[in-house]
Amino acid sequence: MALLSVENLDAFYGDFQALFGISAAVEPGETVAIIGSNGAGKSTFLKAITGMLGSARAAIRFEGEAIGGLPAPDVMKRGIAMVPEGRKLFPSLSVEENLLIGGYGRTGSGRWSLRTLYELFPILGERRNNPSMSLSGGQQQMVAIGRALMSNPKLLLCDEISLGLAPVVIRDIYAALPAVKAEGTSIVVVEQDIVQAMKVSDRVYCFSEGRMTLSGSPDALSREAIHSAYFGH
Amino acid sequence: MTTLLDVIIQGVLLGGLYALFAAGLSLIFGVMRLVNLAHGDLIVLSAFLIMALVSFLGLPLPLAALVALPVMFAVGYALQASILNRAIGADILPPLLMTFGLSIIIQNGLLEAFSADSRRLSAGDLETASLPLGGGIAIGVMPLMTLATAVLVIVGLNQLFYRTALGRAFRAVSDDPSVAQLMGIDNRKLFAVAMGIALAVAALAGLFLGIRANFDPTIGPARLIFAFEAVIIGGLGSLWGTLAGGIVIGIAQTAGSAINPEWQILAGHLAFLAVLIVRPRGLFPRAAD
Chain A
-16 MALLSVENLD AFYGDFQALF GISAAVEPGE TVAIIGSNGA GKSTFLKAIT
34 GMLGSARAAI RFEGEAIGGL PAPDVMKRGI AMVPEGRKLF PSLSVEENLL
84 IGGYGRTGSG RWSLRTLYEL FPILGERRNN PSMSLSGGQQ QMVAIGRALM
134 SNPKLLLCDE ISLGLAPVVI RDIYAALPAV KAEGTSIVVV EQDIVQAMKV
184 SDRVYCFSEG RMTLSGSPDA LSREAIHSAY FGH
Chain B
6 MTTLLDVIIQ GVLLGGLYAL FAAGLSLIFG VMRLVNLAHG DLIVLSAFLI
56 MALVSFLGLP LPLAALVALP VMFAVGYALQ ASILNRAIGA DILPPLLMTF
106 GLSIIIQNGL LEAFSADSRR LSAGDLETAS LPLGGGIAIG VMPLMTLATA
156 VLVIVGLNQL FYRTALGRAF RAVSDDPSVA QLMGIDNRKL FAVAMGIALA
206 VAALAGLFLG IRANFDPTIG PARLIFAFEA VIIGGLGSLW GTLAGGIVIG
256 IAQTAGSAIN PEWQILAGHL AFLAVLIVRP RGLFPRAAD
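So the protein lines, in turn, are chains A and B. Using the numbering used here, read the first sequence as starting at -16 and increasing by one per residue. Using the numbering used here, read the second sequence as starting at 6 and increasing by one per residue.
Just chain A, with the same shape it has in the complex (with noise of 0.2 Å):
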């Protein structure tokens, strides 16, 4: 059974139709990456998922459960965790109680702890108790991931993690990915940086103005296919 399954999912932002009849599946374990370029419906897609936007609630099932449009909070509580666009951590926090307050009142089992994070990212170690937005971009980008991960999520959903990030930070952010993987977490990424998914990813599902354009594994995927997938011609 898929761990996250959606099916002919539509979403609206008050009039706007925003996603036409999105089908995709996310499999225990399994890391797929969503493309698409502005605009497409990525970040709809990860909203829909979270509870932030209302959708059907057969649409989308979770370890076979219905959970479409169902309050964040409840649905985050079944075992997913989001990095959201842009990291959004909380401003008057330390950047140890932002990791903190990733695992509030949820309590997955598993390897991630602060002690575990901070192996996996020494530097927010060192910087435990400064505020959390006094740290670099791409170490915020960490701490968003940390706090993700506090909860011991079966699926973790990274919405743009590279966006404004230099390429050797990008590098070391996506360097996490595998210790992730490792622990059995599905993983869904949301990318404008195709290279970049291609390479994480089992999957790929391509985005293009509100509908599914493309899927596959991205080894049979021809360049040109994602191309026009891409740019939706």
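Among these hints, one or two may not hold up.
[To be verified] DSS-like, lysine-lysine: derived pairs with alpha carbons at most 30 Å apart:
#, chain 1, residue 1, chain 2, residue 2
1, A, 164, A, 71
2, A, 71, A, 182
3, B, 194, A, 60
4, A, 60, A, 71
5, B, 194, A, 71
6, A, 164, A, 182
Bear in mind the hints are in silico, worked out from the structure with no lab data behind them.
Got chain A; can you put chain B on it based on the hints?
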């Protein structure tokens, strides 16, 4: 010289009462950006509750106050969970109007139940007890207890905010309610707990208000003004700032009444305006606002 010292000491003590009025207001604004226009009336409601426990159930005053704390916590939790949460959102106007309506309902409810008569809570000999400091200055035991309670409440709330998981969640929700939900935090439940705590503090404020002066169902809004001024002088969302704000108002009022008894209230408002001119964001503004 002695007069000046006396004015400052009495002003600081009076400031304790205003800080106690304001602490709940500050807490609620800090956590959910809600300006609770009914806060003054909720303090008066607490005073009536304590009075009712004393006169109808025959409880001694300290015990009545102790009973009022959890009762007011429950009232706050229920109020937030059942009514105010419906109005909280990006627009600050609906909750403002809702608390305005609540203020009117509480005042009229109290008028109906207790009439417009002026009441008072009696603390017996404690009311007149005082500690002589020498040089003709004495400090009242009750005002001292009020200030001590205000300081304890603010220390306690700060510990809660900065040392506990619940406090972290309060600050996270205050920073960014939608991202907090992604952390599995149920904002609505958290808001209800915050309102419960604020009204437990209001119960303490009601106790000291009722001992210090006469109260009737309509005095809430006037008390709310002082609380507002204390919160704004201190800087929105800063609890220590709220204590400082209460003390500024207290000293200004005491100084005003030392010059001319009619100037007490005016002096407090003038001090408020003066602070606004010099530091529009208050004495201890939070960096993020």
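Going through the hints against the structure:
{"no.": "1", "hint": "A:164 with A:71", "verdict": "holds, 23 Å"}
{"no.": "2", "hint": "A:71 with A:182", "verdict": "holds, 26 Å"}
{"no.": "3", "hint": "B:194 with A:60", "verdict": "holds, 15 Å"}
{"no.": "4", "hint": "A:60 with A:71", "verdict": "holds, 19 Å"}
{"no.": "5", "hint": "B:194 with A:71", "verdict": "holds, 22 Å"}
{"no.": "6", "hint": "A:164 with A:182", "verdict": "holds, 14 Å"}
Comparing the model with each numbered hint stated earlier shows that all of them hold.
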